[in-house]
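Enquirer: Here's the letter readout for the chains.
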Amino acid sequence: MEIYLYIALFAPLVGSLFSALFGASPKTKVTGIVASGLLFVSFVSSSILLSYVLGGHTVHVEMMTWMATGDLYIPFGFVVDQVSVVMMMVVTIVSTVVHVYSIGYMDHDKGFNRFFSYLSAFVFSMMVLVMSDNFLGLFIGWEGVGLCSWLLIGFWYHKESATWAANEAFIMNRIADLAMLVGIFMLYWNLGSLQYDVVFANITTLPVVVITWIGIFLFIGAMGKSAQFPLHTWLADAMEGPTPVSALIHAATMVTAGVYLVVRANPIYSEIPNMGLFIASLGAFVALFAASMALVNRDMKRIIAYSTLSQLGYMFVAAGLGAYWVALFHLMAHAFFKALLFLGAGNVMHAMHDELDPFKMGGLRKVMKGTFIMMTLASVALAGIYPFAGFFSKDLILEVAFVDHHYIIYSVLLFTAMLTAFYSFRLVALIFHGEERYKLFGIHPHEAYKFMLIAMAPLLVLAIIAGAFKGSYYQLVTSLLPSGEYHVHSIATYWIMTIGTQLLVLAAIAFAYKKYSSWSSVPDGTSALEQSFGYKLLANQYYIPWFYEEVFSKTYRKLSHCLWKEIDLKIVDAMVDGIAGVVYKTGEKTHKIQNGNLSDMLRWMVIGLVILMLFAVGFSVLAMFAQAQVEFVRIYIGELVLGIGLVLVAVSVLLVTYHAASIRKTGKGR
Amino acid sequence: MQEHILSILIFFPALAAMLGFVVHKDSAKAYGVTVAAIEFFLSLWLWKIYDPAGSGMQFQELAPLISQFGINYFVGVDGISLFIIILATFFTMVGIASLTETRRLKDLIITLLFLEMTMVGVFAALDAIIFYVFWELSLVPMLYIIGAWGGPLRIYASIKFFLYTFTGSLLMLVGMLFMAFLHYKHGGVWSFSILDWQAMNLPVNYQMWLFGAFFFGFAIKVPMFPFHTWLPYAHGQAPTIGSVILAAILLKMGTYAFVRFSLPMFPDASVLFMFPIAVLAIIMIVYTAMVAYAQEDIKQVVAYSSVSHMGVIILGIFALNVEGITGSIFLMIAHGVVSGALFLLVGVIYDRRHTKLMSEFGGLASVMPRYATIFGIMMMASVGMPLTINFVGEFLSLLGFYKQSHAFTLVAGTAIIVGAIYMLAAYKKMFFGTVTKEENKHLKDINRTELMGLIPLVILAIWLGVYPKPILEPIDKSVKELVVLMHEKARTVEAQKRIPDLTKSAQEVH
Amino acid sequence: MLEPINISLASLNVMTLAPMLIAIAGALTILCIDLIKSNLHKSLYVMVALLFLLLDLGAVLDFGNLLLKNGPIVGMFDMMLIDGLAILSQVIIVAGSMLFIPLALTSKRFHEYNYPEYFALFLFMIAGFQFMVATDNLILIFVGLETASLALYTLIALHNRSKSFEAAVKYFTMGALAAGLFAFGAMIFYAITGSVEINKIATILANGAYLNIGFVLVGIVFMLAAFGFKLSMVPFHTWTPDVYEGSSAALAGYMSIVPKIAGFVVAMRLFDFLVDTGVVWLQVILYVMVVVTMTASNIWALVQTDVKRMLAYSSISHAGFVMAAILIGSTQANTGLFLYWALFSFTNLGAFSMLWVSRQKNLIAGQSSDHPYEKFAGLVKTMPMAAIMMGLFMLSLAGIPPFGLFWGKMYMIGSAVAEGYIVLAVVMALNSAIAAYYYLKLIIFMFMKEPISGYQGQYLTNASLSLRTIIGIAAIGTIFAVFAVNPLLTIITRLVETSVY
Amino acid sequence: MEITLTHYLVLSTILFVIGLIGIMRRKNLLLLFFATEILLNAVNIALAAISHYRGDYTGQMFAFFIIAIAASEVAVGLGLLIVWYKRTGRIDLDQMTSMRG
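Protein chains in written order, with the working numbering: chain W, 1 to 670; chain L, 671 to 1180; chain S, 1181 to 1681; chain U, 1682 to 1782.
You may find that some hints are simply not true.
Stated by the list, open to error - In the SDA-like style, the derived pairs of lysine to any residue whose C-alpha atoms are separated by at most 20 angstroms in a straight line are:
| # | chain 1 | residue 1 | chain 2 | residue 2 |
| --- | --- | --- | --- | --- |
| 1 | W | K369 | W | V461 |
| 2 | W | K589 | U | R1781 |
| 3 | L | K1099 | W | W156 |
None of these hints come from the bench; they were simulated from the model. As the structure is a prediction and not an experimental result, all values here were calculated from the model.
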């Protein structure tokens, strides 16, 4: 089985390096095909591993030592167990689809080969992340996906906004990564190892305070990657990247890494009282918060991105409440339908020549039938309508909250579910229904390549049927994760809840359709709604990006500049130059006492004599009074004072004599 | 030959430099590359015959020089110095191979070969005076390189570089003499042998004073805040090769000296000064990273980034445990590779455009894709991407210091954030966006000569990031000995607590 | 009323005079040759002088050998004292002179070398210095000092430039004042103790427990002033730059080495016992003088525009540095003094010889002095070897290891540290750093600047084989000093230990 | 009043100070040389007196040497002065300032 593990892991890397070979050369279709093929290989290997794991086994290999010093020992170790194999499946499926899709999507792009290189590298990093058997290995993948995300967001590097977003994403993630590193440090110094098995086996021996801190730091790391508040702004901006990237990285896989971490580290989080509640609360808040921003946005991709953010909130709720398997399940289901949604959006963008404003579209269902169907179904899945995947995973989270008596969280999530349905279908309605507003802009939309649609098909299927796997999935993962059936006690309540939720969601969908399916004009920002404070607040993302820019970025920039110009140059450096300057200036000012005049030279000698004589007389008088020889105790401190004093005296004598000389000279006149 | 390998390594380049005067100036570069390559392979051979299981200093050579005063020609290597020596020979080779300078090339190559002698000498020396001799002597070729081939402010920069470091090292010399005198008072003979000094057990107050004296010499060399201001000038004005050698090797002398002198000789003082120095290191890390962010000149960005990374190295050294010290020594090598490569890269663009102002560029990624790629890889290495060489060092250094102070490490850890900020910003300014300047539209991508220097560095940066073991292992061995020695010598309770007792923990495991 | 004097020749030990007599004989020989046949080429006189100096050196070394076997030798009514200090300093004096005298063989013709008297005076001067160091009698010191000084004034003046006359007059006048001060100081010691022999003075003072400390101090003050002049301690240094500038580079280099070592030996004899017996005042004053001399002259050297003048200030600073040895007073310090000076003579001789080599007969337009920095701009491009040599000497003067002076500096600072003068050691170290600046300045002109038109072809105008040889010797001595240090230390330590002071 | 050694010494000191003042004040080279001679002769007086009062001849010997040296000093000095005068036509100190700094 190890060979499959290595194939699954390294096939994407081979694909990436292969494409990189052609990185600088013009498009060669073969790179796309090879990279996709290799990913398929990876997918097949993962499937084989899955079947193996289903048999109740796990695979654990140690490839080689990475770092070993002192007591630290970190290998490149990989583990395929019940949790990681699920992630592997998700990653390989979605990425295979996205790769194939990208062959079409990036068809006309100059950076075709480069794109595949980056994309495959991302998959490799993601595989490292999920398969690693220790925290630092996870960190490798963690940073690797960050790097690839940076590369891919900034893929169109000539666009200022793209590169800005790339840097923002990278730096924001770095902030979280620091916390994660600190968490890793704490684990190492407290447990002496970073291997999952060792850590989880011994974590209970630590004091609760320490575990709490470890949990907090690791969670901050997770917050960065999964774009939780307050580190969420990068995700929406990351939509500057090519759409397949958004589908793969910023919807299906990378952003869920945070959830994966929490799920993976569940033995740690189980030990921390109240931490779970905090995570769940934050998750619920983010779910609502993100959904609210999606309500009014006029950027197709951003709406989906906020939706992703919102769903991540759901996952954290589940994870926080200890239902780790539920979180992972939603992660999986969400990966399928959200990737599908993004790829559909990609088709639309293609058709609309990269137009992102759904208000400028409308009626596209006529020309883009396939895309229309897929996006609609994906939205249905997202909204959680029975029997689509979303229903099984998302409603489960609601149940979890309810069963655990966190009614506030439950209500928030319920409300968010309505909002989700609303904004999803607002988008669908605006894009595919109503008048063909795009004609105003002279665009002639066309459906995407057929093979792209075919490539999307697996996701569509999974988005529809993923819920069916719930039983076997539960069997699989609960052998590793804490099990827990979340059933409402009374059947009646269960049905009321389920049907009630479905009805509410359907109502939201209907409302969205009613309001937007016959939209006819492109809003210009003058309507009363758009003028209202609430709208502006939401449209500007609660002014948080503005706040970050004004408070953090600008301050940092100003402070940096000030440190350089004011501190480094004017104080630190000037002090050094100042000391040198004083020495040199002293020389310049005093060397004129050597004025070449013999009389003055003789006078200097006599002055020296007189000064010495004065010292001598003074000392003699002193000695007479003391009636004994004066003994100076030779101690370092005394010498120090003396030495400094001497230098000062020397300098001041020089200065005084210089002044005396100049006064005399001027006094003399001519 | 094996037992004289170090002397050969030290004096071969110098001898070759003397003979180099005879070589015709058109063949000077080929000669230089040949000599440097031979030297490099000799150093690889040194690695090969180095016994990783052996303890203490290997290949020791001792010849009396001024026996009246306890000065001997005494050299040797251990895991700590071995790889820095190899790094030095490697960079000299790469540096000469990728030279694009045309003005008085022969002089430059001869100077570089002399410089190589001093660099190898510093790291191989086991006698403080021999160490000092090479330490000071290394200033001279560097002075010449900056002053003769540098930019418009080269003279100011070179004098500043020279005088600043010279002043610091003179204070260090006083410290060394006092140390030798203490040995005389204690043992009846003057001795400048580092091994003898390491065996001396000094009272704490002596340790503090001596630590201070040495500190000035080392700190200016590193350079630590607030003694760092010579560095931006030196880098800013130096020709590419000068910056490469300066950043890759010469700065390491300071940090190496901390490991070689300060830690084993003054363990108590090291513990006492740990936090003040950590504060300085943190200022170095954060402050210079911010200053780097404000720079307009790409070379200054890299220069300040050097200071910032050196801060991490210092922090790792003063972690005073195996993880930290090993990490910081590895980081010395890593930083050598990465910053050397970055300076080479800056040199590439400078050769083409004769400017280093970032505002002059933009969109280079489309004009020079290979250049952008290599720059990108090195930049990522510089910001500490895992699986690149820097990460291993930074991780271990910070990990080590975490044992000493949680809060400090948290603040110092912002290195990975602020480092990313200035590096990414610089990269964005240089490579992203559209080409706006007419001159940039037809820039030639990186050529064969330049690749010859850069490709090995890229390989090294990734190879050692993925598989650092062959280097980490010998370093680890020597560092363990160092830590054991420090713990044994520690007098104060604080120091005994701070410096881990390896012998005890080994027993616990069994 | 005078008793008839009965002295056996043997007890006189006339042989103690041999080295000086050889020098004097040499001088007379040269004068005689000139009497017999005039207008002989200068090379003859150079070689004759060299031969006699060789003999002189042989005699000194012979005494050295004897000394190591039997201990200090006295002779001529105890006037002559051949001890370790005397031997060491005479070796430096004679050897330094031997290296100096071939510098007369320039390719350009210079006025002074046409006079055989020049060489005769030179040898007289050496004899004077030898007398000065080989005695502890104040009278003889005075006589030696004046003999040497008067000869030196003349030698300077013989350079026959307006500036050299000015220099000679200045030096002479100040020298006369210093002579007066010395005489007065000696008189005070004589008045207190009734003796003019340093040994006896020391004993009497020590026995009297320094009761008349006030007068002793006054005597010391005068002596300090007199030797301050000789050793160019601030503020008695003012003659140095002018005299160096006025005299030929060769002679300036000579003056920076030989007269100083003679001065040091006398100062050592005179002050060391005072320091050792605990005249704290003298310690303090010496401390001050050492620090001020080092620092102030370094600072003034920074702003010089002429290389020779810079070197003049630099040699003041070096003298101040070495003066610390007298303050410290340990055997190690005194050993360090001689080591330093031996190494310094090589380097400084080299540096001044390089100036001498580049001496033009006529200044070009806009040139204010003989050796402005600009003259050396870009030297490496036109005369690489010369530039490297000069750079080497500058580095050595700056104390960059492994070149000669570094070892001297190191040993001196080491001796300061060993006696607990930590701050002094730091000051000495920091001064080296200041000094590095002006030495570097020349290196920068030579190696990093473009040549200035007009100066081309002006270097090496004066070079001849013998000058090149001397520079080569100096360079070798400077580079390979490290190997010489140990033997030097061994021998110097032994000799210093057998000294009487 | 009996003349004691102190009187001689005071006289000598006074003369010496006069010499010093002369050295500082005189701008004429010739007169400057006179002043230096005064210095030496002041010492001579003291030496002779001490020698007398101590009954020791060393002092007188010293004085003789000083006289001899003073003579040769004058010889050299006057030689220099004459050359200087020939070249410049003046023997004023203030003109001798071609070297400075």
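Enquirer: Broken hints, numbered, in rising order?
Expert: Every hint satisfied by this model.
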